[in-house]
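**Q** One-letter residues, chain by chain:
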Amino acid sequence: MRITAKQIPIIATLAVCLLLYGTAAIAFHDRGFFSVGVFVNFFIDNAMLGIASIGMTFVILSGGIDLSVGSVIGLTSIFIASAMDRYKLPPIVAIFVALLGGTVFGGGMGAVIRYFGLPPFLVTLAGMFFARGAGFLLHLESVPIDHPFYNALSEFHLALGGGIELTASALIFLATFIIAIYLAQYTRFGRNVYALGGNEQSAVLMGLPTGSVKMRVYALSGFCSALAGVVYTLGLSGNPSAAVGLELDAIAAVVIGGTLLTGGVGYVAGTLLGVLILGIIQTAITFQGSLSSWWTKIAIGVLLLIFILLQRFVQTRKLRTTAS
Amino acid sequence: MPQTVPSIEPPLLTLRGIEKSFPGVKALAGVDFTLNRREIHALMGENGAGKSTLIKVLTGVYRRDSGTMQLGGSEIDPRSPQDAQQAGISTVYQEVNLIPHLSVAENISLGRQPKRLGFLRWGEIAQRAEKAIARLDLKLDVRKPLSSCSIAVQQLIAIARALDTDARVLILDEPTSSLDTREVEQLFVLMRKLRDQGLGIVFVTHFLDQVYAVSDRITILRNGQRVGDYAAVDLSRIELISKMIGKDLSEVERESGGKAKPLSTAREILVQATGLKRKGAVENVDLTIRKGEVVGLAGLLGSGRTETARILFGIDKPDAGKIEIDGHKRELRSARQAIALGFGFSSEDRKTEGIIPNLSVRENIILVLQGQRGWLRLLSRKEQEELAAKYIAMLNIATSDAEKPIRFLSGGNQQKALLARWLASKPRLLILDEPTRGIDVGAKFEIQKLMRSLTNEGMSILFISSELEEVVRSSDRVVILRDRARIAELVGEEISQAAILSSIAGTNESSPE
Numbered sequence: 001m002r003i004t005a006k007q008i009p010i011i012a013t014l015a016v017c018l019l020l021y022g023t024a025a026i027a028f029h030d031r032g033f034f035s036v037g038v039f040v041n042f043f044i045d046n047a048m049l050g051i052a053s054i055g056m057t058f059v060i061l062s063g064g065i066d067l068s069v070g071s072v073i074g075l076t077s078i079f080i081a082s083a084m085d086r087y088k089l090p091p092i093v094a095i096f097v098a099l100l101g102g103t104v105f106g107g108g109m110g111a112v113i114r115y116f117g118l119p120p121f122l123v124t125l126a127g128m129f130f131a132r133g134a135g136f137l138l139h140l141e142s143v144p145i146d147h148p149f150y151n152a153l154s155e156f157h158l159a160l161g162g163g164i165e166l167t168a169s170a171l172i173f174l175a176t177f178i179i180a181i182y183l184a185q186y187t188r189f190g191r192n193v194y195a196l197g198g199n200e201q202s203a204v205l206m207g208l209p210t211g212s213v214k215m216r217v218y219a220l221s222g223f224c225s226a227l228a229g230v231v232y233t234l235g236l237s238g239n240p241s242a243a244v245g246l247e248l249d250a251i252a253a254v255v256i257g258g259t260l261l262t263g264g265v266g267y268v269a270g271t272l273l274g275v276l277i278l279g280i281i282q283t284a285i286t287f288q289g290s291l292s293s294w295w296t297k298i299a300i301g302v303l304l305l306i307f308i309l310l311q312r313f314v315q316t317r318k319l320r321t322t323a324s
Numbered sequence: 001m002p003q004t005v006p007s008i009e010p011p012l013l014t015l016r017g018i019e020k021s022f023p024g025v026k027a028l029a030g031v032d033f034t035l036n037r038r039e040i041h042a043l044m045g046e047n048g049a050g051k052s053t054l055i056k057v058l059t060g061v062y063r064r065d066s067g068t069m070q071l072g073g074s075e076i077d078p079r080s081p082q083d084a085q086q087a088g089i090s091t092v093y094q095e096v097n098l099i100p101h102l103s104v105a106e107n108i109s110l111g112r113q114p115k116r117l118g119f120l121r122w123g124e125i126a127q128r129a130e131k132a133i134a135r136l137d138l139k140l141d142v143r144k145p146l147s148s149c150s151i152a153v154q155q156l157i158a159i160a161r162a163l164d165t166d167a168r169v170l171i172l173d174e175p176t177s178s179l180d181t182r183e184v185e186q187l188f189v190l191m192r193k194l195r196d197q198g199l200g201i202v203f204v205t206h207f208l209d210q211v212y213a214v215s216d217r218i219t220i221l222r223n224g225q226r227v228g229d230y231a232a233v234d235l236s237r238i239e240l241i242s243k244m245i246g247k248d249l250s251e252v253e254r255e256s257g258g259k260a261k262p263l264s265t266a267r268e269i270l271v272q273a274t275g276l277k278r279k280g281a282v283e284n285v286d287l288t289i290r291k292g293e294v295v296g297l298a299g300l301l302g303s304g305r306t307e308t309a310r311i312l313f314g315i316d317k318p319d320a321g322k323i324e325i326d327g328h329k330r331e332l333r334s335a336r337q338a339i340a341l342g343f344g345f346s347s348e349d350r351k352t353e354g355i356i357p358n359l360s361v362r363e364n365i366i367l368v369l370q371g372q373r374g375w376l377r378l379l380s381r382k383e384q385e386e387l388a389a390k391y392i393a394m395l396n397i398a399t400s401d402a403e404k405p406i407r408f409l410s411g412g413n414q415q416k417a418l419l420a421r422w423l424a425s426k427p428r429l430l431i432l433d434e435p436t437r438g439i440d441v442g443a444k445f446e447i448q449k450l451m452r453s454l455t456n457e458g459m460s461i462l463f464i465s466s467e468l469e470e471v472v473r474s475s476d477r478v479v480i481l482r483d484r485a486r487i488a489e490l491v492g493e494e495i496s497q498a499a500i501l502s503s504i505a506g507t508n509e510s511s512p513e
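Top line first, the protein sequences correspond to chains H and A.
Quick note: the first sequence uses the working numbering, first residue 1, plus one each step.
Quick note: the second sequence uses the working numbering, first residue 1, plus one each step.
Some hints could be false.
[Stated by the list, open to error] Using 20 Å as the maximum straight-line C-alpha spacing, the simulated DMTMM-like pairs for lysine to aspartate or glutamate come out as follows:
#: 1; chain 1: A; residue 1: Lys139; chain 2: A; residue 2: Glu183
#: 2; chain 1: A; residue 1: Lys426; chain 2: A; residue 2: Glu383
#: 3; chain 1: A; residue 1: Lys56; chain 2: H; residue 2: Glu155
#: 4; chain 1: A; residue 1: Lys277; chain 2: A; residue 2: Asp316
#: 5; chain 1: H; residue 1: Lys6; chain 2: A; residue 2: Asp166
#: 6; chain 1: A; residue 1: Lys193; chain 2: A; residue 2: Asp229
Just so you know, these hints were derived from the structure itself, not from any lab.
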């Protein structure tokens, strides 16, 4: 198979992922880093970030950005918790309303972006403040969840044999991932997202429904954020200050996953790798033991810089090959 | 006597009385246009004649104010490019409007991909694309990304996409502007083939040779009105041009009385450019500019005038050819370097490449001079004010005072301020690209007068204008471009509108290719 320029970032992501995992596995082999248990834990620990990053992938592919992700997670979690606590809403209803609300909220931001031609950065920044504020309006502090259904869901484990188990959050993450690949690769909506991010003006002149695609992308991201909020509540609480700044981790995961920040190029699978890379760095630093956990942030910063530089390199190279 | 007269087919597309206004401008004033099946129909007109507005009305980008549109006998009213496509009108624009990162196959089917059970069928997408490009006698791997194809092939892929719907009308809007001669020939072969398959093709171009090479009929627009609809074989080049610019030949000949102008061959050469070539811009341009003369650059829009100026000013790099300045070979790499050599360039598009709207008249005037001096040697406020006052008086710039933001000035006065900016830097060569576009007659004459007095002081001017009268009146020498190459040069008394027109219209024999 030939490698095209647009595949370079995701191949680099895969290489970095394997390199980090291999290095950590060798360095901490005596402490059991290289085990299925640790590997499965990447999916369990990073389910919330992973789901939010998948929504973010579509937004960035379309050439936009969504800064409201973390706030929507916080709002969703406190909504579910206080709705069950205060209004005795059945958990299924609370979850359903939360997912619907997140989708409508995202779609609303998309509509503002579409109809007023405003930059997504500013619109979702406003959304971020709005959702965070609304969360604190519902309740000022963390609210515990205690409901038989929730307890069961939270303790649910899918045994894979050999003592390896997947939690409900990990399963939700994997399901979201598979559906996202289907959306991106096998639906017109997904392909239109790529076209919109590749060149909006061309997409319009090609007769593609760019306006509705834009709105649906933010609705999808809103849905994913709300779903990540649901995953947060599986920790049996809701918290208005949950996931502060998580959107930035999500953007980092998407970009490290090989998606071009300018849109149009990238893969959902890359985002999964990006999330794994962040998880591996964090786990490796925990295993190391003596390093401050803030080194995670430094490592992410360095990686992010490298990937942005790589993107620039790929783009200029592409320009040159097109021009010649 | 033959018994059957070939039945006259009803026209494929009929536009009647199309009107479209924009604030302050009537872009189309009752235009009629008729396109037949099996016909390549060229749409001709100078810049601003209404060609692109008409195309946009036809493709649903703009809504018309009034008039009727019929396609195959039934009324149509496209409200978006999507609508027009569904009605059977497909368009390929000047700039390739496809998505570079996606595959060729996907670009062809985007928005109408085949699916089954909710899944896109990639195999069928590729097969359909292969069929679509085979129709154009093109062979390539449809799974490659579009960006790996040359611009010419991308253009063909855009046509393949346009035909993938059941297009009955294909609009090609300046499709050849970034193609080289051989690629243009390929495109023409394809256009003829599609015509013979029954398509009606609307062809918009600025290249006269191309119009005659491929068109069956020609519709000419001028100032938003239809001048006429002619069979290509019945319309000579010179007639075509005079209809486009709106002057009778006899009128042109009468006006062009010889004016005594000094022959300037004796003067020292400032700039000598030979064999300039840049893909998609100019093919072969030679140009000599002597000290203290005005060299006019004439030719139709798209003939390579602005492109030549951009190369001389270091904005674009030539692929081949050399430039000598004061007898030394130079490679111009940037506008900054050209300014350092004493060049000035007043751009055609003063709104986007010239004035800085929110700065005052004074600040706009001193910009280049200050840039030349470097920001460490700031002009004092007093010097700035003196300079501004001097040029406002010299050029009669109508402004209440020098501190007024320049966006409040009229177009002509903005143009004069822009001119003042370059004059303040005391250039040796001033390139004026359409300096009189959109300004009133009085200001035009002032600018021409000024050009004359500047050259008397030893400055050289390269003057680009679409208005032949101006070129004739102001230039000591006129270099004529056609289809991106220099085809003739007129000096002194030879310069007349008629001579320029017949050069532009001249047949291929005098052209280098």
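**Q** Would you mind marking each hint as holding or not holding in the structure?
**A** Hints versus structure:
no.	hint	verdict
1	A:Lys139 / A:Glu183	15 Å, holds
2	A:Lys426 / A:Glu383	15 Å, holds
3	A:Lys56 / H:Glu155	62 Å, violated
4	A:Lys277 / A:Asp316	11 Å, holds
5	H:Lys6 / A:Asp166	32 Å, violated
6	A:Lys193 / A:Asp229	23 Å, violated
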